[in-house]
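When you get a sec, could you build the whole thing from the sequences and use the hints?
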Amino acid sequence: MKLVDTSSWVHALRRKGDQAVRDRVVARLDRGEAIWCEMVRLELCWGASSDWDKALLEGLESHIKTLPITPGVWQRAVYLSQDLRRNGITVPAPDLIIFGCGNFHNVKIEHSDQHFDILQQLYPI
Numbered sequence: 001m002k003l004v005d006t007s008s009w010v011h012a013l014r015r016k017g018d019q020a021v022r023d024r025v026v027a028r029l030d031r032g033e034a035i036w037c038e039m040v041r042l043e044l045c046w047g048a049s050s051d052w053d054k055a056l057l058e059g060l061e062s063h064i065k066t067l068p069i070t071p072g073v074w075q076r077a078v079y080l081s082q083d084l085r086r087n088g089i090t091v092p093a094p095d096l097i098i099f100g101c102g103n104f105h106n107v108k109i110e111h112s113d114q115h116f117d118i119l120q121q122l123y124p125i
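The working numbering applies: residue 1 is where the sequence shown begins, and numbers increase by one.
Source of the hints: derived by calculation from the structure; they are not laboratory data.
All values reported here derive from a predicted model rather than from experimental measurement.
Among these hints, one or two may not hold up.
Claimed, not checked - Calculated cross-link-like contacts (lysine to any residue; reagent style SDA-like; alpha-carbon spacing at most 20 Å):
hint, residue 1, residue 2
1, K2, L42
2, K108, G32
3, K65, R28
4, K16, A27
5, K108, R22
6, K54, K65
7, K16, K65
8, K108, R24
Said to hold, decoys possible - DEER-style ranges, computed between Cβ atoms:
hint, residue 1, residue 2, range
9, Q82, A55, 39 to 47 Å
10, A27, Q75, 16 to 24 Å
11, R14, P71, 29 to 37 Å
12, Q82, D23, 35 to 43 Å
Note that beta-carbon positions come from the ideal geometry of N, C-alpha and C, so glycine has one too.
Quick look at the structure:
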């Protein structure tokens, strides 16, 4: 299982998305290994502008397991934000929540975002 970040979903769902990223996400979907969390779902729904986009997301919702954002996940995200800030590193809050969710549940993240490269280097799963 891998928690698929919004950055990878965007490539997978757009016609002009990066083919290599799309292939990775589709392969995980085909094997039933793609999961998301509510933060990823929220970001995707926020970006869904057409009825087609919304219908596609509704179809995905019935097939993709949701990793819960528990109080422990929030605590992990807060810890990460404070630790990173102490070291002069700024990461957007949604990325901290998504990474915190994967990190707390010991699930690696499929992404196409440099912030996750930094997070995975500093806090390996």
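Against the structure, the hints:
1. K2 with L42: OK: K2 and L42 at ~18 Å, within 20 Å.
2. K108 with G32: holds (15 Å)
3. K65 with R28: holds (12 Å)
4. K16 with A27: holds (18 Å)
5. K108 with R22: holds (17 Å)
6. K54 with K65: holds (18 Å)
7. K16 with K65: violated (26 Å)
8. K108 with R24: holds (14 Å)
9. Q82 with A55: 39 to 47 Å: Given about 40 Å between the Cβ atoms, the range holds.
10. A27 with Q75: 16 to 24 Å: violated (33 Å)
11. R14 with P71: 29 to 37 Å: holds (34 Å)
12. Q82 with D23: 35 to 43 Å: holds (37 Å)
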